[in-house]
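Student: So you can see what is in the structure, the chains are spelled out below.
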Amino acid sequence: MVEAGDAELVRRIRAGDIGAYAALVARYRDRLGRYALHMIGDREDAEEALQDAFVRAYRSLARCDDPERFGAWLYGILVNRCRTTGARAARRRRVFVRDDDAINGAAHPSQADRVEWADVVDRALARLAPEYREAFLLKHVEDLEYEEIAELTGAGVSALKMRVKRAREQLQRFVKEAEHV
Amino acid sequence: MFERQDEEDIVERVIRELRRPVSIDRALDARVMSEIARPPAQPAARRPFARVWPWLAAAALLAAAVIARPWSRGTRPDAFQFVLIAPQAASVALVGDFNDWDPARAPMHAARDGVWATVIPLAPGRYR
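These protein sequences, in sequence, are chains S and C. Heads up: the first sequence begins at 1 in this note's numbering, then just goes up one per residue. Heads up: the second sequence begins at 1 in this note's numbering, then just goes up one per residue.
Among the hints, erroneous ones may be present.
To be verified - Quick list of the computed label-pair ranges, beta carbon to beta carbon: (1) C/V83 / S/E169: 53 to 61 Å; (2) C/I85 / S/R69: 26 to 34 Å; (3) C/A117 / S/A87: 37 to 45 Å.
Said to hold, decoys possible - Straight-line Cα separation of at most 25 Å, DMTMM-like style, residue types lysine to aspartate or glutamate; simulated pairs: (4) S/K176 / S/E148; (5) S/K165 / C/D29; (6) S/K161 / C/E17; (7) S/K165 / C/E17; (8) S/K161 / C/E12; (9) S/K176 / C/D102; (10) S/K165 / S/D143; (11) S/K176 / C/E8; (12) S/K165 / C/E12; (13) S/K176 / C/D25.
As the list claims (entries may be wrong) - If you want the footprint, here are the derived chain C segments under chain S, 3+ residues with CB under 8 Å: (14) 21–30; (15) 117–127.
Since the hints were made in silico from the structure, they are not lab data. Even for Gly, the Cβ is constructed at its ideal location relative to N, Cα and C.
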């Protein structure tokens, strides 16, 4: 069975089939969740931002001009929610605590190494300025083009390229520092 | 050259780590669907008496003024300043038997933040 495309699901929702929205949520949940999690750093806050983005997207679906690009439009909403939630979360102490079960239960040395490496990456990412982290994640992790990122963030392409360059330089330095501790 | 290669390696390893799939609790789907099934909070509906609001406000203010005389002295002798906080009002006038209930004779002026004010001369006495 062929899954309905975004545009078809949006059309159904607009026609009153609220249930069709569940398919869109399931389709984008994990991918957008990954961005929110990396951007905010706290799972609970990230899930809150994600949930909020889905609800806002549903309520403003009439303003989604190109249903074919629902995913990109949803990204834009999430980027904004992450900025708001991230700023609020930054006022609290940003703490990365990896799942203790995962760490203690790492029976194999390579698994323990992987958990440790993931921790190094999380901490390095957390040290980036939010605008650097945002540009880096959208470009290199979510694989968006600079023009798409410019549309989502409102920043110019040259500014974004500079942010990504700085993010790369800083990440390299932060990872080296963490590995030499 | 080696340093550049080193940077590429570190950043590429970071990117590979960050690209690993993340699993979000599926309970989120139910929370979203439950939330959207609820009607969004609407701004307060326009009250049926909105049209008469300025008059009611002015009348209430005047009644209060007559009973309690809480006004402050204006800057001129025999001048009294009336102030009303009515952020939703489009226009406000002070009416009473001192101006033949004519709104055109004592319009209140919007100051800021929903504050309306006017200064009128009044001889000592009791007014409605």
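Student: So, for every hint listed, does it hold in this structure?
Tutor: Evaluated hints:
1. A hinted range of 53 to 61 Å holds for the C-beta pair C/V83 and S/E169, which are about 59 Å apart.
2. Separation of C/I85 from S/R69 is about 47 Å and departs from the stated range, judged on CB atoms against 26 to 34 Å.
3. About 39 Å separates the C-beta atoms of C/A117 and S/A87, a value consistent with the hinted range of 37 to 45 Å.
4. Pair hint S/K176 plus S/E148 does not hold up; C-alpha atoms about 31 Å apart against a cutoff of 25 Å.
5. The suggested pairing of S/K165 with C/D29 is violated, with an alpha-carbon distance near 36 Å, which exceeds 25 Å.
6. Restraint check for S/K161 and C/E17: satisfied, since their Cα atoms lie roughly 22 Å apart, inside the 25 Å limit.
7. Distance restraint check for S/K165 and C/E17: the Cα-Cα separation of roughly 19 Å lies within the 25 Å cut-off, and the hinted pair is therefore satisfied.
8. Annotation: proposed proximity of S/K161 to C/E12 holds, straight-line Cα distance about 17 Å (limit 25 Å).
9. This hinted pair does not check out: S/K176 and C/D102 have alpha carbons roughly 80 Å apart, beyond 25 Å.
10. Under the criterion of a C-alpha separation no larger than 25 Å, the hint pairing S/K165 with S/D143 is consistent with the structure, at around 15 Å.
11. A threshold of 25 Å between alpha carbons decides the hint, and for S/K176 with C/E8 the separation of about 13 Å falls inside it, so the pair holds.
12. Proximity of S/K165 to C/E12 is assessed by CA-CA distance (about 13 Å); at most 25 Å being required, the pair is judged to hold.
13. Distance check on the hinted pair: S/K176 and C/D25 sit about 33 Å apart at the alpha-carbon level, beyond 25 Å; violated.
14. A count of 8 residues in the segment 21–30 of chain C with a Cβ less than 8 Å from any Cβ of chain S is obtained; the coverage claim is therefore met, three being the minimum.
15. A stretch counts as covered by a chain when three or more of its residues have a beta carbon under 8 Å from one of that chain; for the segment 117–127 of chain C and chain S the count is 0, and the coverage is violated.
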